[in-house]
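S.K.: Protein sequence lines, in the order shown, are assigned to chains A and B.
With this note's numbering as the guide, the letters of the first sequence map in order to residues 1 to 364.
With this note's numbering as the guide, the letters of the second sequence map in order to residues 1 to 304.
Any given hint could turn out to be false.
To be verified - In silico EDC-like links for lysine to aspartate or glutamate, alpha-carbon gap of 16 Å or less:
(1) 180/B - 3/B
(2) 7/A - 303/B
(3) 325/A - 213/B
(4) 325/A - 169/B
(5) 40/A - 324/A
(6) 180/B - 314/A
(7) 40/A - 56/A
(8) 180/B - 169/B
Stated by the list, open to error - Chain A is faced by these chain B residues, among others (derived, beta-carbon under 8 Å):
(9) 58
(10) 59
(11) 88
(12) 100
(13) 177
(14) 225
(15) 279
(16) 282
(17) 283
Unchecked claim - Residues of chain A clear of chain B, computed beta-carbon distances all greater than 10 Å:
(18) 46
(19) 119
(20) 142
(21) 201
(22) 214
(23) 232
(24) 274
(25) 329
Just so you know, these hints were derived from the structure itself, not from any lab.
By construction, the Cβ of each residue, glycine as well, lies at the ideal position given by its N, Cα and C atoms.
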Amino acid sequence: MRIELVKRPQQSALFSALSPFIAFGLTIATGAILFAALGKDPLETLYFYFIDPLTETWSLHELAIKAAPLILIAVGLSVCFLSSNWNIGAEGQFIMGAIAGSILPVVFPDFQFWFVLPLMLLMGIAGGAAYAAIPAILKVRFNTNEILSSLMLVYVAQLFLDWLVRGPWRNPAGFNFPETRSFHEYARLPEIWAESGRAHYGFAFALIAALILWFVLSRTLKGFEIKLIGQSPRAGRFAGFSAGRMVIFAFVISGAMAGLAGISEVSGAIGQLRPSISPGYGFTAIIVAFLGRLNPLGIVAAGLVLALTYLGGEAAQISVGLSDKVVRAFQGSILFFVLACDTLIHYRIRLVRPNTAPAEAANV
Amino acid sequence: MFEAILLTVSMAATPLLLAAIGELVVERSGVLNLGVEGMMIMGAVTGFGVALMTGNPFLGAFAAIIVGALFSLLFAFLTLTLVTNQVATGLALTLLGLGLSGMIGESFVGQPGVRLPRLDVPVLSELPIVGRLLFSQDLIFYVSVFLTLGVVWFLFYTKAGLTLRSVGDNHSSAHALGIKVVRIRYMAVLFGGACAGLAGAHLSLVYVPQWVENMTAGRGWIALALVVFASWRPLRVLAGAYLFGAVSIGQLHAQALGIGVPSQLLSALPYLATIIVLVLISRNRRLTMVNTPASLGRPFVPDR
């Protein structure tokens, strides 16, 4: 038996819509096998993974908190990936956004006015965008591979944050703990419905960003330019679009989104800087972007699903004693299934027996 | 003292060399596998686990090779049979590897490791200076050196190597000549996976002898950069790996000396060096264009 691909004359609309669901179904099946192999009841574990976190108000709030950075980053990444710019350093841009946005409340703690928060958000956006501009400029100017340079900058950003919170930015009244002073109240991103839980406005930013980018990508010339350059750089050149400028544009947009996610997380959910402020949001967002088929509205749904796996991982750890390390393996397998299922959109898959293949070829 | 430093440099360089030489063969066949980090960490956790359970580090290293190859098979199936995007699939392999290894290795954290023993080459290991450096090392070091020479011989002095390079340079022409493009790429990817697995085993059986989550710490990515840095030439990969080994050991020594620079800046040096080297190398567009396998990363669907 051999697998053979037959190219479809045009993309299959059916599988375009179905492939994320097939992929998710396959992931759940794999998850069930994995849980069973680890000696847990698969159905019960799946319940704690995907249903239990949705049954209580406080955990819905946690869901929004976890989904906000994932959606924000992934929406920005979709611009990059659609235009064939491989920014995989969103984790670093997230951290740099958080750091740049934290300058005011950490270095000037007495500066307390209502406009501190908007300034922080802007600085966070600028920080993320500037950090993402580095691999973009290196790519345009020196032809440097952006995959490698953007990834290397993640490690640099993590070490820079580590140095700040252990060194110059350490809380003077913090008993030598590696963390900055807590942000004052003007520097905290407010909660959306404070009565019912802690979900902050980061989630609203994520939804707004997704809507705006959906509009730009599907309804404007800029969106056409992004996709054209991604699919056919040659055609893009004939249309008069500059590939170099697109590299900068895509990286700056995605860096800005990651930076906004970073400062929202720090000013909303955490309230100070610590050596580690992200459970790998920047990398998980890559999965979110592909699961959402690089469509901002799909990404909102995908972001909620991946956020659910974080919460589910915690719930399953508490209730059935399943290690929280399983979550990342689980998330990693989602991307595999998504990519494999995307093949169905472009190709028909046929199983061919080796001995019949030559005869068929002869007939053609 | 000097000898000891050189010895540690070679220990830091060996995993880079192994992973990069495997990836070089993969890329020469026209496939870009960004999953090196994932295959490497899977090799590291397998090598450590098997050595711990059997007490035999050689068995651990062997298992790491097998697991690295099996893990790369996943990538090969997706990119070569299902023709998925190679960049995205490579990333998926890395993310899955980091996740899976953390899960598998959870019970290994803090356990004392089993170290691969040094193997002395009789007589030669007693030579002054070079004796200890070249002839009194662990098995994986010898493998890495011979493998590099073997790859030079294979790629540039055998017909099979020429075939592999032709697949990487123009898969359509190669296919038209009746060369089994997909089969050759499968084998190249498997070789790369095996090398990355062994590189991971070197980390957890020789370099650190312990299991730490995410212990590859970007070495798989540095290996990918080394292939570009070496402009797809095996001997330059060897030189590059030792250069990077020297940088990472140098910064460790600087940290130990406690010179007045933050340790985080020193830790960031290998990553910054990677970026700088990449910029310097890729600046020369013509040079990179000439050396890059022309079909690198392009999807191939045989027309029948």
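S.K.: Are the hints correct? Go through all of them and say.
M.R.: Right, here's what the structure says about each hint:
no., hint, in the structure
1, 180/B - 3/B, "violated (48 Å)"
2, 7/A - 303/B, "holds (10 Å)"
3, 325/A - 213/B, "holds (10 Å)"
4, 325/A - 169/B, "violated (41 Å)"
5, 40/A - 324/A, "holds (14 Å)"
6, 180/B - 314/A, "violated (48 Å)"
7, 40/A - 56/A, "violated (24 Å)"
8, 180/B - 169/B, "holds (14 Å)"
9, 58, "violated (28 Å)"
10, 59, "violated (23 Å)"
11, 88, "holds (6 Å)"
12, 100, "holds (4 Å)"
13, 177, "violated (17 Å)"
14, 225, "holds (5 Å)"
15, 279, "holds (5 Å)"
16, 282, "holds (5 Å)"
17, 283, "holds (5 Å)"
18, 46, "holds (17 Å)"
19, 119, "holds (27 Å)"
20, 142, "violated (5 Å)"
21, 201, "holds (29 Å)"
22, 214, "holds (21 Å)"
23, 232, "holds (14 Å)"
24, 274, "holds (15 Å)"
25, 329, "violated (4 Å)"
Hints 1, 4, 6, 7, 9, 10, 13, 20, 25 from the earlier list are contradicted by this structure; the remaining hints agree with it.
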